[in-house]
Amino acid sequence: MRCASVFFAIPFFTLSYSACSADDTPPQDLHPPPALTSDVTVNGKFRFGSDAETYANGTWINHWVCNMDDEGLVFVWEKARLSRPTGNPLPKGCQDDPHPVGKVAEQPDYDAPIRYTQSGRNRSAAIYVPDTTASPTSGGGAQQAQPATDPNVNPGTGTENKGDGAQGKINGNSRFRTIFLNSDNIPTPIDVNLDLSVENDTLNVNLKVEPSYLKVALGSMGWVQSGDFVANVEAIYSAAKEKDLEVLVTEPTKVLGSEDIAWIPNVSKTESLLLLSTGKEVFSSEIGLGLKAGIGATMHLRTATLFILDGDNGLIGTGAYSALTPE
Amino acid sequence: MWSFITENKFVEGMAVIAAVVGLFFSAPLGMEGYFQYGLGVVAAFLGILVANRIYDKYNSGVIVAVILACILLSGFFYLYLFYNIDTPGLPIQILEGFLFTLFVGAFFCAARLVDRSFAP
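Those protein sequences? They're chains C and V, same order as listed.
Counting in numbering that gives the first Met the number 0, the first sequence runs from 0 upward without gaps.
Counting in numbering that gives the first Met the number 0, the second sequence runs from 0 upward without gaps.
Please note: incorrect hints may appear among the correct ones.
Below 16 Å or equal to it, Euclidean Cα-Cα: the simulated EDC-like pairs (lysine to aspartate or glutamate) are [said to hold, decoys possible]:
#, chain 1, residue 1, chain 2, residue 2
1, C, 78, C, 130
2, C, 44, C, 69
3, C, 91, V, 55
4, C, 253, C, 311
5, C, 44, C, 68
6, C, 44, V, 85
Hints were generated in silico from the structure; no laboratory data involved.
Model the full structure from these sequences, guided by the hints.
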């Protein structure tokens, strides 16, 4: 009997949550803020994400997992309250859990890992969470620092964007990002792979953009310890010269037209953009920002707003970068 | 009661080890996790039952060899399936359950045999 009592004392750390709906395609990201999505291609093939959408009936948060493999998917995403046990794997398709919230917290929860396969492989993830500090009367509003206009409507012409056949994505192993395509005059397909990190006081930029004439601009970069990359213009230029890279630090109004300016978050309008031009088919490089100089502390890039520009500096997409590992 | 406790030191020690290992070893996802811990309890009782039956009936060298073979083979194949089959179907789950029961049962069988060999 003694061994039995000890066995029962073992904590159970597996939980079961209910499936709320099933579909074949990932939920569309219709409104800001951008969906936090990530792909898994090893030991399974699935995409998972978290999104916050504001509708007429309030703000909703939706977490979803889409299995793109013919083999079933078992997973537990505890903080998103989604799971599929080994006895009831998720077939090819999606499972999501949309639920209304008063207001979405400004910062996502970066510590919301998802476990998958029967052995519980771990994958970092982030989810939008309700703003528990907001008063009940403040709910339902749009997110701050986001365009006031509907992303599906071209602010200049008032025409609805089609976006059909044009796929935009920004990928990375440990970061999430999604872009909105706000123009119907988009070459297809657009493929943007961007990974940013800061190590040893160097901003590492690995960028692949196709078509090659597209540009990526970074704005409203958020650091754990505040810093101004404009102060390091000289460092940027010197590093870019070494890497044979076109880099421009400029203000949004000097690059973007008035129609495009209406698209970008307010917080980015007054800050400088770090404009990266590929100039060739594949670009992969590092840019030394010399962040340590004048600051004397290790910097950690947490967030950045992305802008995808065409060859004429026309804004065709926006998105967000966030480091999944909080510092 | 006190004599029962003192006469089963190795079984009790094995139970404590199992509890500690269970803390750090990830169980299968979902409801099967609960089932697996219950299976461990059943396996422990089965191991003790088998030990009481075979004690003094067979050559001790043979018993040790069989128990060692059970632990090594069932442990290896259980872990192999656990970490290499991402989404097991029912047959694989049954096979994993059998191997897991054999693995845990062999440990408790050995512990019970040792306890009995030390019994006055």
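Each hint, compared with the structure:
1. A C-alpha spacing of about 15 Å is found between residue 78/C and residue 130/C, which places the hinted pair at or below 16 Å, so the restraint holds.
2. Straight-line distance between C-alpha atoms of residue 44/C and residue 69/C comes to about 9 Å, which keeps the hinted pair within the 16 Å bound.
3. Of the supplied pair hints, the one linking residue 91/C and residue 55/V is violated, its CA atoms being roughly 56 Å apart against a limit of 16 Å.
4. Between residue 253/C and residue 311/C the alpha-carbon distance is near 13 Å, which keeps this suggested pair within the 16 Å criterion.
5. Under the criterion of a C-alpha separation no larger than 16 Å, the hint pairing residue 44/C with residue 68/C is consistent with the structure, at around 5 Å.
6. About 11 Å separates the Cα atoms of residue 44/C and residue 85/V, which keeps this hinted pair within 16 Å; it holds.
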